[in-house]
Amino acid sequence: MADQLGVEEIHGLGIATVMARKGATGAAIGAALGIVPPEGPHMATANALTMIGTGPQSWLVVKERAVPDFANALSETLKGLASVSDQSSSYIVTRLTGSDARTVLQRGAPIDFHPDCFRTGSAATTMIAHIGVILWQIDDSPTYHVATFRSYAQSFQHWLSATAAAL
Amino acid sequence: MSRIASGGLIDRSRALSFTFDGKSYWGFEGDTLASALVANDVRLVGRSFKYHRPRGILTAGSEEPNAIVTLRTGAHAEPNTRATMIELFDGLEASSQNRWPNLGFDLLAVNQLASPLFVAGFYYKTFMWPAKFWEKLYEPLIRRTAGLGKLSMLPDPDHYDREHGFCDLLVIGGGAAGLAASLAAARAGLRVILADEDARLGGRLLSERHEIDGLPSSRWAEQSAAELATFPNVRILSRTTVFGIYDGREYVAVERIADHLPQVRTEQPRQRLWKIVAKRAILATGAIERPLLFGGNDRPGVMTASAVSTYVNRFAALPGQRVVLFTASDSGWRTAADLIDAGADVAAIIDSRDTHPPAEALGKRGVEILTGATVIDAVGAPVRKVKVRLADGRTRSISADLVAMAGGWNPAIGLGSNLGARPVWSAPIQAFLLDETPPGLTAAGAAAGLFSLGAALADGVRHALAATGDLGRTPSAMPGFRTSDDSDRATPLWHVPGARGKTFVDFQNDVTDRDIALAAREGFTSIEHLKRYTTLGMATDQGKTSQLNGHALLAAATGKSIAEAGTILSRAPWQPVAIGVLAGHHRDDHFRPERRTASHAWAIERGATFVDAGMWKRAQWFGRPGERNWLETVNREVTMTRGGVGICDVSTLGKIDVQGPDAATLLDRLYINIFSTLAVDKARYGVMLREDGFVMDDGTTTRLAEDRFFVTTTTVNTARVMLHIDYARQVLWPELDVQATSVTEQWATYAVAGPRSRALLQQAFPDIDLANEALPYMGAAIFRWMGSEARIYRLSFSGELAYEVSVPAVHGDLLIRHLFEIGRSFDVVPYGTEALGVMRIEKGHPAGNELNGQTTAGDLGMGRMMSKKKDFIGRAMARRPGLTDPARPSLVGLRPVDRNQKLRAGAHLLSPGAEAIAANDEGYVTSAAWSPTLGHSIALALLANGPARYGERIIVHDPVRGGDLEAEICSPVFVDPEGERVRG
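Chains as they are written, first to last, in the working numbering: chain A, 1 to 167; chain B, 1 to 984.
Hints may be right or wrong, so weigh each one.
[To be verified] Calculated cross-link-like contacts (lysine-lysine; reagent style DSS-like; alpha-carbon spacing at most 27 Å):
hint, chain 1, residue 1, chain 2, residue 2
1, B, 655, B, 870
2, A, 79, B, 682
3, A, 79, B, 869
4, A, 22, B, 655
No lab work stands behind these hints: they were computed from the structure.
Produce the complete structure using the sequences and hints provided.
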């Protein structure tokens, strides 16, 4: 059972909310970052930078192995195009992978994770066990990244352990 | 033993031992508890609810009203479980209910003597006088006799899980129609979920002897199930009951994962709740056989004919040796054939109709056939004979130990009325059918009134093909099924008159035909009133075997047709559901999520006692060994902070980044005071109103740049203010270029307060200049700590020289430890929410108790903060006369005249000498605390004309707790009224 589900917290991420200013298009923001921005609840990745659509003209931007001033640098890059807020401490990001990962998520979130509907590159802002989550699929294993607010870490862990144990 | 020598779908190589009421028996794998009891000749399984009449097993399905037992013992004990639904497992223990001292000798059967008193609605007419007996005598008495089974009263040790299902087609019921529909849909490539309450698919195909495509029906069911299992897009949920239909095409079901296992693996869930969203659904739940209404129809040994067939065919168990079959339907005759072929003695078939299906075979076996006849009474407990009225009116007795009754079939359509659509009467089938259905759902097969096998199979296919077409997919080619003949003619016999014994309609709630007649006489003639007044259909079986019989009696009693009388709306859950499965993982400490701050682990180490603030856990105080009570602790925390330095975690307060060229404009429209004039690196206290002019929230907002503000809110209003800001910028003024997002979780923030706070912080952060000129009161600065941006704000809620230090939450634990390490030499004290509260009351700062949604800015002494130079939300409504009346209760301080007395929040204020009546009420105490700084109790209060009355006396009146006292009205700022400490 253990080898069908991998659970790991990802550390060292730089995370920021990016909200477009008036007149700025997603394309312009993407161009400034060197990435084709996702339209709708999807994610796009380039150069260790991931953009996740979380709402109209809003994205969560995630960078692996980021420096502490990641958000300030991003803010400079997007000056005049978008308002940037550092959220690097706000979220705990958990990686779920393996053949049971889909079932685990299906037991938590009320959205359809069938490959016909949710595939690599899909993203969703939803809830698991009364906790808000932002999640996205990064490969076909399947592997998902699930971001939850830091303060809910213990509660989210409890749901995850109980659900994994019930597999 | 009444086990038939061969046949049945049981595995005779796997014998299972079980006990019922302490006695040991044997059964086989594949038995239910009911079938095993039948095979062991156990006739008596329970006592009825009101009259404690001896009862046997009535049916073989989930509609069972009588065989209600307690399964398992100890904390796992489950009362009111239907024996017909319990899969037998080795070591099973079950016991009967509602009897004392035991099933065979139940003293409470004496209730039967009082039965003329226990008619419908008796509790509306009794236990009323004398009134004072109600609480001490009548209620405890009724409670003791109420209900059927008993709870163990131990915590439920089982785990419950949840899953979300999505499909093109949900098929509810895996019998003939359901299997045919599933096959058609699966072959067309649809995503299908098939849910069936039984452990194996097939429904009545497992209980009746038919042929489909040359195979015995149970074999065909097995093959179909195997084929369905090969489709990757088909999910078969066995042991799963869909119990409710909800909005949004959502179907909710319970999957029984471990109820049939001797023991549950430690973390294995016992049951799983499924929330299924289905684009289309087919209700293939079949039909439920009606009992017939004659005297003694509740006696052990009286069973539905379909149940008899099920026990004989599926379980190879014979419920009786000498059988009388009483039928109004062709289906009853098939039961007679099943019995004869199994070697039972069928004494007579009594058909209430004038004609019957061809039956030369039966006649040859010496079975007496009486048409146009009825059973009037079943006699004996258990049954030993029946009294019959023949076509010519004469009566006869026939000895029998089993009466199989076939009253006709009711489509099991309850789920279809969960969204409010009432079923309609169908004259051709003499039963109710769905007319309007929940969106996307259709009924098929017997649930749609098509009782014969061929018609049911074809109907399942038809509905599946229609759903396939609806969804824009290509239907599969489905060959027709060749089935054996089975005629489904029936002529309902709603009631047999002239009975001597009681005639039962609702078996579980002990409702008789007389109760329904009584209800009609007393005016309860609407179908929903009938249900509540008589309790017909209100037991755990929800009237599955009784509703329509009751409706027919009501119709007759009121001179209406059944169509006119109508039927009730069935309500979810269709079958009883454990509350545990609805809760899932959310129980006890995990009932709802808990939010913890970055200093949580550290606070535990320091001995904090925690309090709930919304979903957050906050340290309330930090007790030290030797302190007698919390008051001593809190007094120490306040004294040490005001005298030295204290640190409090204030991370839970809401924080919102508001950015963009129009950020200042937006804040000006939200706050009563002006923020566009705020300089960079400066903070300002602000108040926000609701649209109706009342105060919504307050907080300090800091300007970090021309186009960037850092807004704070109270803990409890965080979400409300975020919504307010989003609503304002997205809906009210979408033309503004302003963005906002919550950053509450990004920053861990600690308040450092007291005369030594600056010294402590200067040592903790040597790289930043904290001198008064460098960082004045209400100033802010950004600096670096541990390689990240950190912030310091010179703000004070306590009234002392104070700062708030923020670092990214990932460093929050490090920072608190660093501050306390440095703080050792400053004798730093950790303080919690109680001390925080005492200090703010000492300073007269309004907080939650004063921001209660009923106060205006003027009430709180902030009227002059309301800018006259700009418009803001709430400005117009705040000017209403009722909100600007100076006589409104407004904020004052109170101190007890006798310094030894204690003020309490919630007490009301009266002028001395005024009578303690509502008309004289002048206000109330909002917050009270013991002030260690002043050495006596203090309070904040809202008092009519308050600020004009300093120095006056007022009576503090507490009608709930007593202890009235006299208080002096004063300024709410008790400590350092000039505000010198914060500016040092």
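Next on the checklist: Next pair to validate is residue 79(A) with residue 682(B); report whether the Cα-Cα distance is within 27 Å.
Outcome noted: Satisfied, since the Cα-Cα distance of roughly 23 Å is no more than 27 Å.
Next on the checklist: What's the verdict on residue 79(A) and residue 869(B), does the C-alpha distance respect the 27 Å limit or exceed it?
Outcome noted: violated (32 Å)
Item to check | Holds or violated: residue 655(B) to residue 870(B), with C-alpha atoms at most 27 Å apart | outcome: holds (25 Å)
Checklist entry - Within a Cα-Cα threshold of 27 Å, do residue 22(A) and residue 655(B) meet the stated pairing? => result holds (23 Å)
In summary, the one numbered hint that this structure violates is 3.
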